[in-house]
Amino acid sequence: MAMTGVLRPGHAQLRVLNLEEGVRHYRDVLGMVETGRDAQGRVYLKCWDERDHNSLILRESDRAGIDFFAFKVLDEATLDKLERDLQEYGLTTERIPAGELMETGERVRFEIPSGHKIELYATKTQVGNGLQVTNPAPWTPAAEKGIAPVRLDHCLLYGPNIAEVKKLFCEVLGFYLVERVLGPDGEGEAAIWLSCSHKVHDIAFVEHPEPGKLHHLSFLLESWEEVLRAGDILAMNKVPIDIGPTRHGITRGCTIYAWDPSGNRFETFMGGYQPYPDYEPTTWTFDGLGEGGGLDYPQRKLHESFLTVVT
Amino acid sequence: MPYQVTIEETGERYTCGEQENLLIAMARSGRRGIPVGCRGGGCGVCKVEVTAGDYETRAMSCQHVTEEDRAERRLLACRVFPRGDVSVKVLGKMHKAVCTNAGLRPTEKTKI
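These protein sequence lines map, in sequence, to chains A and B.
Every letter in the first sequence is one number past the one before it in the UniProt record's numbering, and letter 126, counting from 1, is 126.
Every letter in the second sequence is one number past the one before it in the UniProt record's numbering, and letter 98, counting from 1, is 98.
Be a bit skeptical, because a hint or two may be false.
Pairs of lysine to any residue, SDA-like flavour, derived with a Cα cap of 20 Å [claimed, not checked]:
{"hint": "1", "chain 1": "A", "residue 1": "Lys238", "chain 2": "A", "residue 2": "Gly146"}
{"hint": "2", "chain 1": "B", "residue 1": "Lys96", "chain 2": "B", "residue 2": "Glu68"}
{"hint": "3", "chain 1": "A", "residue 1": "Lys167", "chain 2": "A", "residue 2": "Lys145"}
{"hint": "4", "chain 1": "A", "residue 1": "Lys117", "chain 2": "A", "residue 2": "Gly146"}
{"hint": "5", "chain 1": "B", "residue 1": "Lys93", "chain 2": "A", "residue 2": "Glu210"}
{"hint": "6", "chain 1": "A", "residue 1": "Lys301", "chain 2": "B", "residue 2": "Thr66"}
{"hint": "7", "chain 1": "A", "residue 1": "Lys238", "chain 2": "B", "residue 2": "Ala97"}
{"hint": "8", "chain 1": "A", "residue 1": "Lys166", "chain 2": "A", "residue 2": "Arg229"}
{"hint": "9", "chain 1": "A", "residue 1": "Lys238", "chain 2": "B", "residue 2": "Thr10"}
{"hint": "10", "chain 1": "B", "residue 1": "Lys93", "chain 2": "A", "residue 2": "Glu304"}
{"hint": "11", "chain 1": "B", "residue 1": "Lys93", "chain 2": "B", "residue 2": "Ala25"}
{"hint": "12", "chain 1": "B", "residue 1": "Lys93", "chain 2": "A", "residue 2": "Thr308"}
{"hint": "13", "chain 1": "A", "residue 1": "Lys145", "chain 2": "A", "residue 2": "Glu88"}
{"hint": "14", "chain 1": "B", "residue 1": "Lys96", "chain 2": "A", "residue 2": "Glu304"}
{"hint": "15", "chain 1": "A", "residue 1": "Lys166", "chain 2": "A", "residue 2": "Gly115"}
{"hint": "16", "chain 1": "A", "residue 1": "Lys238", "chain 2": "B", "residue 2": "Gln63"}
{"hint": "17", "chain 1": "A", "residue 1": "Lys238", "chain 2": "B", "residue 2": "Gly11"}
{"hint": "18", "chain 1": "B", "residue 1": "Lys96", "chain 2": "B", "residue 2": "Gly11"}
{"hint": "19", "chain 1": "A", "residue 1": "Lys117", "chain 2": "B", "residue 2": "Lys93"}
{"hint": "20", "chain 1": "B", "residue 1": "Lys93", "chain 2": "A", "residue 2": "Pro209"}
{"hint": "21", "chain 1": "B", "residue 1": "Lys93", "chain 2": "A", "residue 2": "Leu307"}
{"hint": "22", "chain 1": "B", "residue 1": "Lys96", "chain 2": "B", "residue 2": "Thr10"}
Covered by chain B, according to a simulated footprint, are these stretches of chain A (three or more residues, beta-carbon under 8 Å) [what the hints assert, rightly or not]:
{"hint": "23", "region": "58–72"}
{"hint": "24", "region": "258–269"}
Keep in mind the hints are simulated off the structure, nothing from the lab.
Glycine included, each C-beta is placed from N, C-alpha and C at the ideal position.
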């Protein structure tokens, strides 16, 4: 599909309880590339095949969770337009100056009704993926380090008011609904998967009473074998696993969920299909989520920790 | 050297090594229904009160363990490493799992 407006997930800032433990996890076990540290002590990382300077920022804090999740937009004019559109829609926006995050241009930050801080930005220094742009090789040695996901793929956030969140993302930011889970009574949407591209999701939400919670950050792998290899690497490094390796009915994604050393859940993910904005959204009933295999297709069951543990 | 951990409500005991945390050792004991969450001090599902004994802790989220909690020795079991025999009371989500029959391991009394 044509790529205009909001392009893709750009970065997430995670809170970790111990910075160096967090860095060791994301750099050495997940296999991301450390690209910088700033005066605030934050550490910047990227996946090997990402071109921009960073996609994950780790900040040491006394509580786990997510500070903000950001999307890259096409250009500065698009950023200005989307900021005006958000304000006209009734949201308060804040401009964060260029350079506040390393190698990153001005950001527009706003809080959505689920209590999460979302950012848009148009500019980030392109450091490349380690391959030449003329006649490149298909991969680099960095592609073999640790689990080595190719990019930050999406996140799942837990919070209240997801009906309003859906309206905002679809009516203002140009996302569309790909899949949804209805509530236990068959009314309302308990969970939504939204795309700004033709990925099965660029962001997803689950209705939850506490605002601003992180369920997981997801990192993309290119094959089911790589997901299984990720399982071996997680086990070798004694990383606690939540569920998987398995496949979701929802999005058809193949996956493992596990926890970083501060208890933030992350996903090693591949698969899905290629939705387009004209597709009818797929609907899962609440029974479909469990016995229907929406969450865990091979085992066809719910996992309480997956549904309830967030940071 | 492994230490003894006593669960006050049930009188059950399990062993926990110095390098192990109270949660992993409890889960290893074979009891069903232990709410093992993130195991990293971030999610808060494994809260206990250490009523006796020495221990060391690692970082845990202040969203789940306040200064007052810490002073009252209410901590996340996944971040508590024993330095002697300890006794704990189970709190929050863990309480239901540990203190109902569904969570109990078979004992002499319940074996058929």
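Each hint, compared with the structure:
1. Distance restraint check for A:Lys238 and A:Gly146: the Cα-Cα separation of roughly 14 Å lies within the 20 Å cut-off, and the hinted pair is therefore satisfied.
2. Between the alpha carbons of B:Lys96 and B:Glu68 the distance comes to roughly 23 Å, so the proposed pair goes past 20 Å and is violated.
3. For the suggested pair A:Lys167 and A:Lys145, the alpha carbons sit about 40 Å apart, so the restraint of at most 20 Å is broken.
4. For a cut-off of 20 Å, the pair hint linking A:Lys117 to A:Gly146 is broken: about 30 Å separates their Cα positions.
5. At most 20 Å may separate the alpha-carbon atoms for a hinted pair to count; B:Lys93 and A:Glu210 meet this at roughly 16 Å.
6. Restraint check: the Cα-Cα separation between A:Lys301 and B:Thr66 comes to about 35 Å, which exceeds 20 Å; the hinted pair is violated.
7. At roughly 25 Å between alpha-carbon atoms, A:Lys238 and B:Ala97 are farther apart than 20 Å, so this suggested pair is violated.
8. Of the pairs offered as hints, the one joining A:Lys166 and A:Arg229 is violated, with about 35 Å between alpha carbons and a cut-off of 20 Å exceeded.
9. Distance hint between A:Lys238 and B:Thr10 is unfulfilled; the C-alpha atoms sit about 31 Å from each other, more than 20 Å.
10. This hinted pair checks out: B:Lys93 and A:Glu304 have alpha carbons roughly 12 Å apart, not beyond 20 Å.
11. Pair hint B:Lys93 plus B:Ala25 holds up; C-alpha atoms about 17 Å apart against a cutoff of 20 Å.
12. Proposed proximity of B:Lys93 and A:Thr308 is supported: the alpha carbons are some 11 Å apart, at most 20 Å.
13. For the hint pairing A:Lys145 with A:Glu88, the CA-to-CA distance comes to about 46 Å; that exceeds 20 Å, so the pair is violated.
14. As the CA atoms of B:Lys96 and A:Glu304 are separated by approximately 14 Å, the hinted pair is consistent with the 20 Å bound.
15. Simply put, A:Lys166 and A:Gly115 have alpha-carbon atoms about 13 Å apart, close enough for the 20 Å limit, and the pair holds.
16. Restraint check: the Cα-Cα separation between A:Lys238 and B:Gln63 comes to about 25 Å, which exceeds 20 Å; the hinted pair is violated.
17. This hinted pair does not check out: A:Lys238 and B:Gly11 have alpha carbons roughly 31 Å apart, beyond 20 Å.
18. For the hint pairing B:Lys96 with B:Gly11, the CA-to-CA distance comes to about 16 Å; that is within 20 Å, so the pair holds.
19. For the hint linking A:Lys117 to B:Lys93, the alpha-carbon distance of about 29 Å lies beyond 20 Å, and the restraint is violated.
20. For the hint pairing B:Lys93 with A:Pro209, the CA-to-CA distance comes to about 17 Å; that is within 20 Å, so the pair holds.
21. Annotation: proposed proximity of B:Lys93 to A:Leu307 holds, straight-line Cα distance about 14 Å (limit 20 Å).
22. For the hint pairing B:Lys96 with B:Thr10, the CA-to-CA distance comes to about 12 Å; that is within 20 Å, so the pair holds.
23. Only residues whose C-beta sits within less than 8 Å of a C-beta in chain B count toward coverage, and the region 58–72 of chain A has 4 of them, enough to reach three; the restraint holds.
24. Counting residues of the region 258–269 of chain A whose C-beta lies closer than 8 Å to any C-beta of chain B gives 7; at least three are required, and the coverage claim holds.
Hint violations for this structure: numbers 2, 3, 4, 6, 7, 8, 9, 13, 16, 17 and 19, all remaining hints satisfied.
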